[in-house]
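Peer 1: In case you want the letters, here they are:
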Amino acid sequence: VVTLTTDFGLAGHHAGVVKGVILGCNPAARLVDLSHAIPPGDLREAAWTLLWSWRFFPPGTIHLAVVDPGVGSPRRPLAASAGGHFFVGPDNGVLDPVLAAAGKAVAVGIDVRIPHHRLSSTFHGRDVFAPTVGRLSLGVPLRSLGEPVADRVRLELPQPRAIAPGVMEGEVIAVDRWGNLVTSLTAEALGEGGVRRDAAIRIGRRTVRGIGEYYAQAAAGAPVAVVNSNDHLEVAVNRGDAARTFHAGRGTRVVLSPATPRRSPPPAGKPRKDR
Amino acid sequence: VVTLTTDFGLAGHHAGVVKGVILGCNPAARLVDLSHAIPPGDLREAAWTLLWSWRFFPPGTIHLAVVDPGVGSPRRPLAASAGGHFFVGPDNGVLDPVLAAAGKAVAVGIDVRIPHHRLSSTFHGRDVFAPTVGRLSLGVPLRSLGEPVADRVRLELPQPRAIAPGVMEGEVIAVDRWGNLVTSLTAEALGEGGVRRDAAIRIGRRTVRGIGEYYAQAAAGAPVAVVNSNDHLEVAVNRGDAARTFHAGRGTRVVLSPATPRRSPPPAGKPRKDR
Amino acid sequence: VVTLTTDFGLAGHHAGVVKGVILGCNPAARLVDLSHAIPPGDLREAAWTLLWSWRFFPPGTIHLAVVDPGVGSPRRPLAASAGGHFFVGPDNGVLDPVLAAAGKAVAVGIDVRIPHHRLSSTFHGRDVFAPTVGRLSLGVPLRSLGEPVADRVRLELPQPRAIAPGVMEGEVIAVDRWGNLVTSLTAEALGEGGVRRDAAIRIGRRTVRGIGEYYAQAAAGAPVAVVNSNDHLEVAVNRGDAARTFHAGRGTRVVLSPATPRRSPPPAGKPRKDR
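Residue numbers (our numbering), protein chains in the order written: chain A, 1 to 275; chain B, 276 to 550; chain C, 551 to 825.
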């Protein structure tokens, strides 16, 4: 199985041509689009897409990510294994978060002298990455594709931070098709107590009180916060569009607090337990 | 073969992840997108998509439909067989019209305790429906997936009605990519005589006279009515956009009348024969 | 392998149904979308898509192109072989450029009496072309599908022309997802000397000086011209959108001149050599 995550869009021939080259190498490859609608050059969105997808594919899946504004420049092309999967793409950070999450990452810089078609300077998806995916899918060992890379380019994704005891600050990291606001606040980041059901989420100038179990718990048109399928806190409007309702988008600040906002921290020496 | 009809959109990771889970269950599944561009929560458009597609797939095809605003709520997940095909989706009406059309429908409520990944409350496409599709594709019997359901949720699609002898009223049910207006008036609904070639179609304030054989019969920019590939009466503008020309969209009223509008019904006792 | 290039869009059921019919004929067919986002009726864009894609697929691939405003009219349906690949689509010019480029083209007019489903007058992708693709993929000989066609409909694509010694005039033929302006000026058309690195490209009222190797050579926001992966001269803005920056789109005139514009042609009898 091979997945594709690119900023090629759906109108052009680029995604199809990449698939043609892969199938030319390995006619038995099974190709699955994750997204070709990554905004041009948006490494973060591609990184989140990979993070929220890779583990749901069978072991040995090859994940190709081509968001590559530096195509043709000396930036390195990368092939890697991590968590029992393979990852292929430019060394510009797009693969970094998923390699870190999958664990035990081994990466090589792809040797582009391996002959295949011509080597253009504008379409390495076709000329470098697709042939690499084809070779990996045929069982060619990763280490034979190029020299090991130990200093891959890093990409920092927004992380939530505690700004007061029990108060976490994060931001909107994605707006999905239904207008739901996916935040950087994860159940894991919220600590041992997990998500308090009675917490309040401030987003822009508005506050959503309480964290529910599912969208339809709220009345139609009413806001609801839930922990989504990737463990991220999400603000939605049941049968509505939270992004529009809250005038929010990627980067909008989100603050999670206990239900009754505290004006001062708890007295020293008296540890507070939220649960 | 597995088809997918969802309101996931093409930008997110959702459709890809559903495919990953299916391929994890059954690497030999052949996946075909019908549409991921169903407007959020639009059960009718998903139902029409299934109705106009299912019979063109080989027997035994599994059709997955995920338009599911009630995800995570107590609404039932459904798996069904009808007309030699399988259908999987939430019990909110989205599958009802195609099950009725395919005939001999047998439905079960999917037992979600069947273990697979975690069970989120926001993404049953991944956690409930995809594993069910995987199992069905491996030959697991439908009845082993859960308890029979006899009272599935119904969904009424717009039906044409006679408002005077020979005069049928319907509405626009879909606007396709070319701006063609697909109406609820079917050749079948128009009765034994079928579609009169000299009928007049009133749509909004305008009237199209005569029903043609194909789009290019009309001059470029001129309107033309045809019976389309799914037996629905359709109003088009050759090499143009009927939706724009007629200021029409889903729900716009359409009236089909004999060419010369009759002011009174035909005399009693003298049966009228349109053809 | 079967590729699909259509103006069906991604919202409707049309692309999925075509795939269903193909898989019904041949369950082993491997389907790859080139594009379903060809603007309605846009034969040129479909022709470019095929030209820039076909050679990257394995020999024997069947390329289906359905951009067919004349569907249902007496226009002929075509099946052809050229360059070791197969091509299927309406005889309206959409296949002409790729057949000419692939070479040794043999075409037949598809006999639509070959029974398959019903024959609608609005969806030959489903009723004529998909069954033809299915048959070809099963090894049915091309010549058994219908009578030879020697006078296929031609389609002229914009060709660059010399307007003065060393000065070539062309136009923008495509705008890709990143806003890059793909021009009709090809390395081949620029003659034996190929592309002069010090050339100037005038596009609308602005001029880009010099032809670079890759996008990221320019500063962020600065324009850069490159020869793209299909040998077309392309004007881009690094990490920007050239179409917006240059107020340019399909059809915008582009003039390539030597770096220092000449006011008069070189003296007669003294052949100029650019390289």
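Derived from the structure by calculation, the hints contain no laboratory data. What you are looking at is a predicted structure, and each value in this text was computed from that prediction instead of being measured. Worth double-checking, as some hints may not be accurate.
For the chain B half of the interface with chain C, some residues (derived, Cβ under 8 Å), not all of them [unchecked claim]:
1) 300
2) 309
3) 333
4) 361
5) 427
6) 448
7) 453
8) 484
9) 488
10) 501
11) 503
12) 514
Per label pair, the in silico range of CB-to-CB distance [stated by the list, open to error]:
13) A:141 with B:303: 21 to 29 Å
14) C:772 with B:495: 39 to 47 Å
15) C:797 with B:516: 21 to 29 Å
16) C:763 with A:258: 29 to 37 Å
17) B:303 with C:668: 27 to 35 Å
18) B:473 with C:623: 16 to 24 Å
19) C:747 with A:141: 25 to 33 Å
20) C:738 with B:472: 40 to 48 Å
Quick reminder that beta carbons are idealized off the backbone N, C-alpha and C, glycines included.
Peer 1: Are the hints correct? Go through all of them and say.
Peer 2: Hints versus structure:
1. 300: 19 Å, violated
2. 309: Where the cut-off is 8 Å and the nearest Cβ of chain C is about 4 Å from residue 309 of chain B, the hint holds.
3. 333: 5 Å, holds
4. 361: 14 Å, violated
5. 427: 22 Å, violated
6. 448: 13 Å, violated
7. 453: 5 Å, holds
8. 484: 19 Å, violated
9. 488: 5 Å, holds
10. 501: Because about 6 Å separates residue 501 of chain B from the closest Cβ in chain C, which is inside the 8 Å limit, the hint holds.
11. 503: Holds: closest Cβ of chain C sits about 5 Å from residue 503 of chain B, inside 8 Å.
12. 514: 6 Å, holds
13. A:141 with B:303: 21 to 29 Å: For residue 141 of chain A and residue 303 of chain B the Cβ distance comes to about 26 Å; the hint holds.
14. C:772 with B:495: 39 to 47 Å: 43 Å, holds
15. C:797 with B:516: 21 to 29 Å: 25 Å, holds
16. C:763 with A:258: 29 to 37 Å: Because 57 Å falls outside the window, the suggested range is violated.
17. B:303 with C:668: 27 to 35 Å: 31 Å, holds
18. B:473 with C:623: 16 to 24 Å: 21 Å, holds
19. C:747 with A:141: 25 to 33 Å: 40 Å, violated
20. C:738 with B:472: 40 to 48 Å: 53 Å, violated
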